[in-house]
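Visitor: Listed below are the residues making up each chain.
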Amino acid sequence: MQSFISAKNLSKSYGDTLALDDVSFQVYPNEIVGFIGPDGSGKSTLFQILTTLLIPDSGSATIAGFDTGRDFPKIRSSIGYMPGRFSLYPDLSVEENLRFFANIFGSSIEENYEMIKGVYTLLAPFAKRKAGALSGGMKQKLALCCALIHKPLVLFLDEPTTGVDAVSRTEFWDNLVQIRDGGIPIVVSTPYMDEATRCDRVAMIYGGKIMQMDTPEYIIANYQGSLLAIRTQERYLAKQLLSQIKGIDSVFTFGDAIHISLPERTEPIIDEIDAVLQRELSSTYSITEILPNFEDCFLQFMRQKSHE
Amino acid sequence: MRNIFLLISKEFKQIFRSRNMLAIIFMLPIIQLLVLSNAADFELKLVQFAWEDLDKSSLSADLLQKFLAAPIFRLTGDSENSEANDIMLRDNEADVIISIPKGFERDLVNGFPSTIQIRINAIDGSAAGLISAYVGEIIGGFYRSELIQVQQGAPSTTSRYLFNPELNYKAYMIPGILVILVSIIGLLLTALNIAREKEIGTIEQINVTPIKKYQFILGKLIPMLIIGIVEFWVGVLIGCGVFHIPFVGNPLVQLLFLVVYLWVMLGIGLLISSQSQTQQQAMFIAFFVIMVFVFLSGLFSAVENMPNWGTVLSKMIPITHFIRSTRAIMLNGAGMMHLYKDFVVLVLYAIGVNLLAIFAYRKTSN
Numbered sequence: 000m001q002s003f004i005s006a007k008n009l010s011k012s013y014g015d016t017l018a019l020d021d022v023s024f025q026v027y028p029n030e031i032v033g034f035i036g037p038d039g040s041g042k043s044t045l046f047q048i049l050t051t052l053l054i055p056d057s058g059s060a061t062i063a064g065f066d067t068g069r070d071f072p073k074i075r076s077s078i079g080y081m082p083g084r085f086s087l088y089p090d091l092s093v094e095e096n097l098r099f100f101a102n103i104f105g106s107s108i109e110e111n112y113e114m115i116k117g118v119y120t121l122l123a124p125f126a127k128r129k130a131g132a133l134s135g136g137m138k139q140k141l142a143l144c145c146a147l148i149h150k151p152l153v154l155f156l157d158e159p160t161t162g163v164d165a166v167s168r169t170e171f172w173d174n175l176v177q178i179r180d181g182g183i184p185i186v187v188s189t190p191y192m193d194e195a196t197r198c199d200r201v202a203m204i205y206g207g208k209i210m211q212m213d214t215p216e217y218i219i220a221n222y223q224g225s226l227l228a229i230r231t232q233e234r235y236l237a238k239q240l241l242s243q244i245k246g247i248d249s250v251f252t253f254g255d256a257i258h259i260s261l262p263e264r265t266e267p268i269i270d271e272i273d274a275v276l277q278r279e280l281s282s283t284y285s286i287t288e289i290l291p292n293f294e295d296c297f298l299q300f301m302r303q304k305s306h307e
Numbered sequence: 000m001r002n003i004f005l006l007i008s009k010e011f012k013q014i015f016r017s018r019n020m021l022a023i024i025f026m027l028p029i030i031q032l033l034v035l036s037n038a039a040d041f042e043l044k045l046v047q048f049a050w051e052d053l054d055k056s057s058l059s060a061d062l063l064q065k066f067l068a069a070p071i072f073r074l075t076g077d078s079e080n081s082e083a084n085d086i087m088l089r090d091n092e093a094d095v096i097i098s099i100p101k102g103f104e105r106d107l108v109n110g111f112p113s114t115i116q117i118r119i120n121a122i123d124g125s126a127a128g129l130i131s132a133y134v135g136e137i138i139g140g141f142y143r144s145e146l147i148q149v150q151q152g153a154p155s156t157t158s159r160y161l162f163n164p165e166l167n168y169k170a171y172m173i174p175g176i177l178v179i180l181v182s183i184i185g186l187l188l189t190a191l192n193i194a195r196e197k198e199i200g201t202i203e204q205i206n207v208t209p210i211k212k213y214q215f216i217l218g219k220l221i222p223m224l225i226i227g228i229v230e231f232w233v234g235v236l237i238g239c240g241v242f243h244i245p246f247v248g249n250p251l252v253q254l255l256f257l258v259v260y261l262w263v264m265l266g267i268g269l270l271i272s273s274q275s276q277t278q279q280q281a282m283f284i285a286f287f288v289i290m291v292f293v294f295l296s297g298l299f300s301a302v303e304n305m306p307n308w309g310t311v312l313s314k315m316i317p318i319t320h321f322i323r324s325t326r327a328i329m330l331n332g333a334g335m336m337h338l339y340k341d342f343v344v345l346v347l348y349a350i351g352v353n354l355l356a357i358f359a360y361r362k363t364s365n
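So the sequence lines, in the order shown, correspond to chains A and B. Just so we're aligned: 201 in numbering that gives the first Met the number 0 is position 202 of the first sequence, and the numbers increase by one with no gaps anywhere. Just so we're aligned: 177 in numbering that gives the first Met the number 0 is position 178 of the second sequence, and the numbers increase by one with no gaps anywhere.
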């Protein structure tokens, strides 16, 4: 399949800090590609390069065949971009913001209403309200509308769900799926691991490098080793005990449980864990084998990366 | 063109929506003009004087009567003790000591010149100069009226004040204050407005649109230009209506100067905003620039009285040229023929500053 976005060997540093380190990837039509990584991993820099706001130190990227450096005017008029923080005029109303962004792209709300219908129906009751007075979830919906109103060829959303409540986030991802189905590929970044599974493909980015890029199902299925969850009242003591046992990759607190990742599931080591806990803990505990989620995969990749 | 129009209409929508903005743009300058014009007034209203009469003659008593008859002079001390009088001077109980020497009457009657000593508190230099002139005038008048063979044939001077016959101090100050207010609005608003787009991040959104660099800049500058022009003429109306300042010159010439000058200020504002990331940074730099402008502009002190380096600096800043030409147009009715030098300087500034600003303002960071 012909790729829609193609990035080759992108690097960018700020002074001594290497923000992007030789990043290459492809985005195909009709997919949502998520860039997932902690703060400072290079997501925003990558987005600024793709949206022509930054020039990379080396490497190049094309969107729909246009080069982000040479053809930036063409790209600017054909992409939709939602920056990492709310960037609309707080003193203009919902409708005025939308109209303004439609007009500067030579379009109008009426002409492309179909594009935003799904999202805008929720916003319509607040059309006269100033954008600055909206709630977090509503602001984000308005920003999405403003990025969509000129019928872009592709959407770039930089951490669109940061600081938004869980319900709004779910709604927002439902909207994104609709938009993708309408034929607009989406490139989205997020620090939330649970959102990874809503993407068609995920790029795990850390320290300016893409560690892996694939479907979330594939990444989870390829988790190396196995995971045990231990539930007990004495989490702190248990964690200390467990970290002294040899043959365990890592021990970390996960919600109300302790997760242990093993390079390989073997009976002797499970017996040893059981024995230690039996001897030292005064209260009851349980050991269960669990399926890894995306966050476990990400943490495993991060550990491997930092060991290198 | 359409994009610029869209940006301008957006800008006006934002300005007219914000009550604070409206107050800052329109109410504040009007109030400042009304208040400052009355406060920034060097006119001498009251002079307290101590009388130190060592002669105690009828002629010296006559001279004292002359001072008492003058409305602005008030007698606060009458003693022969010169040390006590100096203390009064020090303690601000007297602004001036007028000391009549022994033998004052005898010398005058015999036709000898006599010297009256005046001691003035010169902490406020310009007030001291005025006091000296007033005292001199009364003493001069006394010599001419009462006397005497000595004065005959002595040269006497009279002054006639042109262009501002009633010595209306406000006529001199108001054009200057007006210029400062317009400068502050033009420079500060532009710098803050663009810095605000950076601060709240909207510039990032705008950058990823087909809007071009020059369109964004013009979309910011044109509304500020219009506001500056409106504000200036509102100020002129207040000056003429409330303070009875004459407007002798050609309004079109004034408008031409104003537009060119505003471009200079807008350009400086643009330059400041290109170097700041937040409104606060922009505010500090703009404030500094305005302070320098105000003090070197010749508004509060005549440029001719500055030390050499001050005169040079003063000539280098655009506001000096605009204050001078505004005064000349409003009060003397000067035309382009007389002011072309100032005009050329302002035009050069407008071009230079704006080129620099456009160069400094880059749409793509890095």
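Take the hints with a grain of salt, since some may be wrong.
Counterexamples of contact, computed for chain B against chain A with all Cβ distances above 12 Å [unchecked claim]:
no., residue
1, Asn2
2, Ser57
3, Ile71
4, Gly200
5, Glu203
6, Val207
7, Pro209
8, Gln214
9, Pro250
10, Phe286
11, Leu330
12, Gly351
Using C-beta positions, here's what the derived DEER-type ranges look like [unchecked claim]:
no., chain 1, residue 1, chain 2, residue 2, range
13, A, Thr161, B, Asn249, 57 to 65 Å
14, A, Thr214, B, Lys212, 26 to 34 Å
15, A, Ser59, B, Ile357, 21 to 29 Å
16, B, Phe15, A, Glu109, 22 to 30 Å
In case anyone wonders, no lab produced these hints; they're calculated from the structure. Even glycine gets a Cβ: it sits at the ideal position worked out from N, Cα and C.
Visitor: Look at each hint and say if it fits the structure.
Guide: A quick look at each hint next to the structure:
Some Cβ of chain A comes within 12 Å of the Cβ of B/Asn2; the nearest lies about 6 Å off, and the non-interface call is violated. Look at B/Ser57: its CB is around 78 Å from the nearest CB on chain A, clear of 12 Å, so calling it non-interface holds up. Remark: the non-interface label on B/Ile71 is consistent with the geometry, its nearest Cβ contact in chain A lying 53 Å away (cut-off 12 Å). Annotated as non-interface, B/Gly200 brings its C-beta within 12 Å of a C-beta of chain A; the closest such distance is 4 Å.
Interface exclusion of B/Glu203 from chain A breaks down, the closest Cβ pair being 5 Å apart, not more than 12 Å. With a least beta-carbon separation of about 4 Å from chain A, B/Val207 fails to lie farther than 12 Å from that chain, contradicting its non-interface assignment. The Cβ of B/Pro209 does not lie farther than 12 Å from every Cβ of chain A; its closest approach is about 4 Å, which violates its non-interface assignment. Non-interface status of B/Gln214 relative to chain A is broken: a Cβ of that chain comes within 12 Å, the nearest being about 9 Å off.
At the 12 Å boundary, the C-beta of B/Pro250 stays outside the reach of chain A, the nearest C-beta of that chain being 35 Å off. Taking the minimum C-beta to C-beta distance to chain A, about 24 Å, the non-interface status of B/Phe286 holds against the 12 Å cut. B/Leu330, annotated as away from the interface, keeps every beta carbon of chain A farther than 12 Å; the closest lies near 42 Å. Its beta-carbon lying about 28 Å from the closest one in chain A, B/Gly351 satisfies the requirement of being farther than 12 Å from that chain.
A/Thr161 and B/Asn249 have their C-beta atoms about 60 Å apart, which keeps the hinted 57 to 65 Å range intact. About 41 Å separates the C-beta atoms of A/Thr214 and B/Lys212, a value inconsistent with the hinted range of 26 to 34 Å. A beta carbon spacing of about 28 Å between A/Ser59 and B/Ile357 agrees with the range 21 to 29 Å that was offered as a hint. At about 25 Å, the CB distance of B/Phe15 to A/Glu109 agrees with the hint of 22 to 30 Å.
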